[in-house]
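Protein sequence lines, in the order shown, are assigned to chains A and B. The first sequence begins at 1 in the working numbering and counts up one residue at a time. The second sequence begins at 1 in the working numbering and counts up one residue at a time.
Among the hints, a few may not be true.
To be verified - Derived CB-CB ranges, DEER-like:
no., chain 1, residue 1, chain 2, residue 2, range
1, B, T82, A, V477, 52 to 60 Å
2, A, V477, B, D102, 22 to 30 Å
3, A, V477, B, T141, 51 to 59 Å
4, B, D9, A, P576, 34 to 42 Å
5, A, Q691, B, D102, 43 to 51 Å
Claimed, not checked - Dumping the calculated DSSO-like pairs for lysine-lysine here, alpha-carbon to alpha-carbon at most 27 Å:
no., chain 1, residue 1, chain 2, residue 2
6, B, K5, B, K40
7, A, K280, A, K170
8, B, K161, A, K702
9, A, K211, A, K132
10, B, K5, A, K590
11, A, K211, A, K178
12, B, K140, A, K590
13, A, K271, A, K306
14, A, K590, A, K82
15, A, K702, B, K116
16, A, K280, A, K132
17, A, K546, A, K702
Claimed, not checked - Some, not all, of what chain A presents toward chain B, calculated at C-beta under 8 Å:
no., residue
18, I329
19, G331
20, A414
21, R415
22, Q538
23, P542
24, L579
25, Y584
26, Q592
27, P600
I should point out that these hints are in silico values taken from the structure, not numbers from a laboratory. Cβ coordinates follow ideal geometry from the N, Cα and C atoms, glycine included.
For reference, the chains in residue letters:
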Amino acid sequence: MIGPSTKRSSQTQFAAQGEPMVWLSGGMFAIACLMILSLLAFVLWQGLSTLWPRNYSIYGRTDGSLIAGELYSKEVVDGLSKLYLRTGNYDVSNQHFAYVSGAELIDDQPWSDPDLWALERREWGNLYGFPKALSWTNCEPGQFAKEVSVGMLETARIDQQLAQAKDELKRADQGISKARLGVRRVELAQKIDLQSAIDSGVVDGLDPRAKAAVEHLAECTRRAEEMMIGINQRIGELEQKRSERSILLELPIAQELGTIPLDWAELSNGKLSDPEALAKLLGVEFGGQAPQIRASSMGQDQYLCKIGFAEQPFRRILVRRAEGTNCVISGLQEHSILLADVVRFFEPNGLGLLGRFGVYASRWWEFLTGAPREAGMEGGFFPAIWGTVVMTILMSMAVMPFGVLAALYMREYARSGWLLSAIRISINNLAGVPSIVYGVFGLSFFCYIVGGYIDGGPVKAGFEPWPSAVWFSALAVLSVVGLAAFAVSVLSGQAEARRSGFRSTLRWAGGLLWLATLMGIAWLLIRSPHFQGFYQAQLPTPTFGKGCLLWAALTLALLTLPVVIVATEEALSAVPNSLREGSYACGAGKWQTIHRIVLPYARPGIITGFILAMARGAGEVAPMMLVGAIPLATELPLDTEFPFLHGSRSFMHLGFQIYSLGFQSQNSEAAKPMVFTATLLLLAIVTLLNQTAIWLRARLRKRFQTSQF
Amino acid sequence: MNRLKAIADGQTFESVIHEEVLSRDPVVSIRDFSLFYNRKQALYNITMPIVKGMVTALVGPSGCGKSTLLRSVNRMNDLIETVRIEGDMLLNGESIFAPSVDVIQLRKRMGMVFQKPNPFPMSIFENVVYPLRIDGERDKTILMQVCEQSLRGAALWEEVKDRLNESGLSLSGGQQQRLCIARAIASDPEVLLLDEPCSALDPIATGKIEDLIDRLRGEYSILIVTHNMQQASRISDHTAFMYLGRLVEMAETSTIFTRPTLSETEDYVTGRFG
Ligand SMILES: Nc1ncnc2c1ncn2[C@@H]1O[C@H](COP(=O)(O)OP(=O)(O)OP(=O)(O)O)[C@@H](O)[C@H]1O
Ligand SMILES: [Mg+2]
């Protein structure tokens, strides 16, 4: 008897085969892959193409003017093209980028002149133009490139000397501020005002310390002033030398001069029908000979001519056909720039592939090793990279010992119980807290409270100090508690193994007493009436009481602590118990076992967690905004100046740089290409860290693999 | 069978230890020893000697407490928090479980080999000299000497003398187990504790280990747990039969295997139950 219930419908068969699920999950997988790939491709393309030197094209507008730029994109909407050009020449045209509609153009096909130069400058961005003359030599246009290169080497030398002189100046200044700080310290210590002594120079009747400080300040000031006269003079001379050399260029900006009749057909053959009229219009002398002329057609009805009348330098004019035989003549705007401002120059339209790669490589080199120009929109990212790296290393140095030791305690020493489980769960939850929360905590706790405390003692950190007598009695009580804690722990260590109830009571008591001692120490510290801070003399300028490298590193350390703890715990629990037992059976103690067996075995896992934490920390931006990253820092956090590592300095950070460039700079449109390059760099650094982690883990694991199967 | 049933019912039971064992000089004597995992009792009032310079085998069905007893001798059970003990053991006349005993010093006087080979993830050389390393020995010549001696003692020297710096994990299973034995005898222990050392090995490797135990006889006092009756009869001088946490009978191996006092022992060693 076969009932209907035993018969399978085709639908159940279909579901049983799981065909829809295959398609669904496969499709989702494909979409996920596609999204990741397109993200990567987008960042790669944008990041890599920004520094590539492009053609600089010139377009004629129907109103007679010119518009020129590197073509960044071209869209066609309803048959009408829209061009996005990087125009450069900001100091003349007041724009870096321009949108141009195809309707404005005579011809939307670009026209590029091989003679055009692109000059990257220290200020005002790129300049594009035709070199016309060099102020320091009378050479032929063919020699311009060589002369400029040689000249740039010389100005680089001058710049170096200038930097040296300025450095000396700065050092003299620092000497004075240091001496002034010394005086301020004495003032604070002795509660006196030394200003009148400084002003008058009379130090009689002062106590020897104050006298020494005031005299030192006077001496420093005197020496600095002497030195400054010399240095300032030298700086003046160097500045003078620096401003002597300039380059005269004709920019692709047309200025109408007038209309004269010209034979269009002759012009296209490179001849002028009426050179005299033209000479008059241009205001140059017509030497009687026919001028040398080279006319390049910029599409329909428009010529850009390079023209040289007898014995006179070449110049460029724009010739446009008007009604009849009349032609409108326009000159190009001239502009002169200092050679010393030029960082790099090349001929964007005349470069071969190799030359282009040369410029590309040199730009990347500058990007990776140079300092920013133009508020970070041009030039290098080195300070940001350096800041990120130093901060990340500092962060790792802070998080590693804490994380590893905490995990070690939890996994190897602590007795399992509800307390441990609760702590473990909270640590796991901590890993999911939004990073801005850590930023807020870092700012309010590290910068304001701890930093304020270091700067100016409890009062600056916002705590009322206790009266001296109360404080000392509290200190006495605390010492008793501390001694008790110590005694109880020693006792619990010696308590008989078999009386475990008594022992665990002792352990609890010891733990609580230690906790009380630690809290007591913290409490006494913040209530001390005898501590005025280490940097009281600098106040109200904060030293550590603001965002700085140290607090940023510590905030990030806190943020990555859960990552390290979780990874280390996992690595430790992966150590086979048989190894621990083997070690104990050999008569090893607990620490010997951990140090010789457990830690080496867990090392790959620990290192992996460590690098993952580093990668996470390196890319974190939100907390950085609050605790010390700034868009432009003049000093590096780690440099050759004593004491080399400057924990109280603000610093530049790659992730923060992306944010501030893209959204905070005055000209975010112009900064966008750089944002992509910086993004690519950040991505590369994080990927590199992760890849190192994977490679390291694989390498270390190999050592622990047994050949046995 | 009725005696075993009585044990299972929890009635008191006197174990039988033959005079031939008692008359010898013991290296470890277990005195009325009981052990509890939490409230669950695993060993019941065990009293037995382990004779000096001889091989004593512990046999019995799975879960009867052989490993527990073995691990109690060098106090490895201290590592388990729930363990509680009663009674005591003596090592050469000194108490093992007295509160004043330094466990670490105690363990240094014994060597232990586990069921699964557990070489440390370091070189063969470092594996063998590990007990000396933890004592802070740094003299290269002493270390080398001990390493060679122990490896020769464990019959492994010829196989590994050219690759002492390779990882101990690169050895085969049998070699790894002999490496562990070399490690166990490196500190020249008074007692050697072996917990089923051959259970993870093939017959050839097992043969080698058995030869090795045979050679170590006399030099070391050995306590070995085994499930393999043939092995027990081949290598041991004395055999103790345990059941449900009690010692049932202990005698010279030949006595246990040919004419034990209790019929239950005979049933077990001949494979009629267990
Ligand atoms: N860590 C532990 N916690 C609780 N009970 C345990 C623990 N280890 C062993 N036991 C129990 O103690 C008893 C004896 O175990 P033991 O490992 O000594 O047996 P064994 O004779 O070695 O068995 P086998 O021959 O299978 O190795 C068993 O009932 C076991 O369940
Ligand atoms: Mg066992």
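Hints, verified against the model:
1. The hinted range of 52 to 60 Å is not satisfied by T82 of chain B and V477 of chain A, whose Cβ atoms lie roughly 40 Å apart.
2. Restraint check, V477 of chain A to D102 of chain B: a C-beta distance of roughly 38 Å breaks the suggested window 22 to 30 Å.
3. Hint check: V477 of chain A to T141 of chain B, Cβ distance near 58 Å, so the stated range 51 to 59 Å holds.
4. At roughly 39 Å, the beta carbons of D9 of chain B and P576 of chain A sit within the given window of 34 to 42 Å.
5. The hinted window of 43 to 51 Å between Q691 of chain A and D102 of chain B holds, with their beta carbons roughly 49 Å apart.
6. Proximity of K5 of chain B to K40 of chain B is assessed by CA-CA distance (about 19 Å); at most 27 Å being required, the pair is judged to hold.
7. For a cut-off of 27 Å, the pair hint linking K280 of chain A to K170 of chain A is broken: about 56 Å separates their Cα positions.
8. Distance hint between K161 of chain B and K702 of chain A is fulfilled; the C-alpha atoms sit about 23 Å from each other, no more than 27 Å.
9. The hinted pair formed by K211 of chain A and K132 of chain A fails the criterion: a straight-line CA distance of about 65 Å is larger than 27 Å.
10. For the hint linking K5 of chain B to K590 of chain A, the alpha-carbon distance of about 43 Å lies beyond 27 Å, and the restraint is violated.
11. Proximity of K211 of chain A to K178 of chain A is assessed by CA-CA distance (about 16 Å); at most 27 Å being required, the pair is judged to hold.
12. Taking the CA atoms of K140 of chain B and K590 of chain A, the gap is about 25 Å. The hint holds against a cut of 27 Å.
13. With a C-alpha separation of about 12 Å, the suggested pair K271 of chain A and K306 of chain A falls inside the 27 Å cut-off, and the hint holds.
14. For the proposed pair K590 of chain A and K82 of chain A, the alpha carbon gap of about 74 Å is over 27 Å, so the pair is violated.
15. Proximity of K702 of chain A to K116 of chain B is assessed by CA-CA distance (about 21 Å); at most 27 Å being required, the pair is judged to hold.
16. Restraint check: the Cα-Cα separation between K280 of chain A and K132 of chain A comes to about 21 Å, which is no more than 27 Å; the hinted pair holds.
17. Proposed proximity of K546 of chain A and K702 of chain A is contradicted: the alpha carbons are some 47 Å apart, above 27 Å.
18. Interface restraint check: I329 of chain A against chain B, minimum CB-CB distance 86 Å, threshold 8 Å, status violated.
19. Given hint, G331 of chain A at the interface with chain B, is violated; its Cβ is 81 Å from that chain's nearest Cβ, farther than 8 Å.
20. The beta carbon of A414 of chain A is not positioned within 8 Å of any beta carbon in chain B (closest approach about 12 Å), and the interface hint is therefore violated.
21. Restraint check, R415 of chain A versus chain B: the minimum CB separation of about 7 Å is within 8 Å; hint holds.
22. With its C-beta approaching chain B no nearer than about 51 Å, Q538 of chain A sits outside the 8 Å limit, and its interface hint is violated.
23. Restraint check, P542 of chain A versus chain B: the minimum CB separation of about 51 Å is more than 8 Å; hint violated.
24. Contact between L579 of chain A and chain B, as hinted, is supported at the beta carbon level, the nearest pair being about 6 Å apart and thus within 8 Å.
25. Hint status for Y584 of chain A: holds, given a least beta-carbon distance of 6 Å to chain B, under 8 Å.
26. Because the closest C-beta pair between Q592 of chain A and chain B is about 5 Å apart, less than 8 Å, the hint holds.
27. Given hint, P600 of chain A at the interface with chain B, holds; its Cβ is 7 Å from that chain's nearest Cβ, closer than 8 Å.
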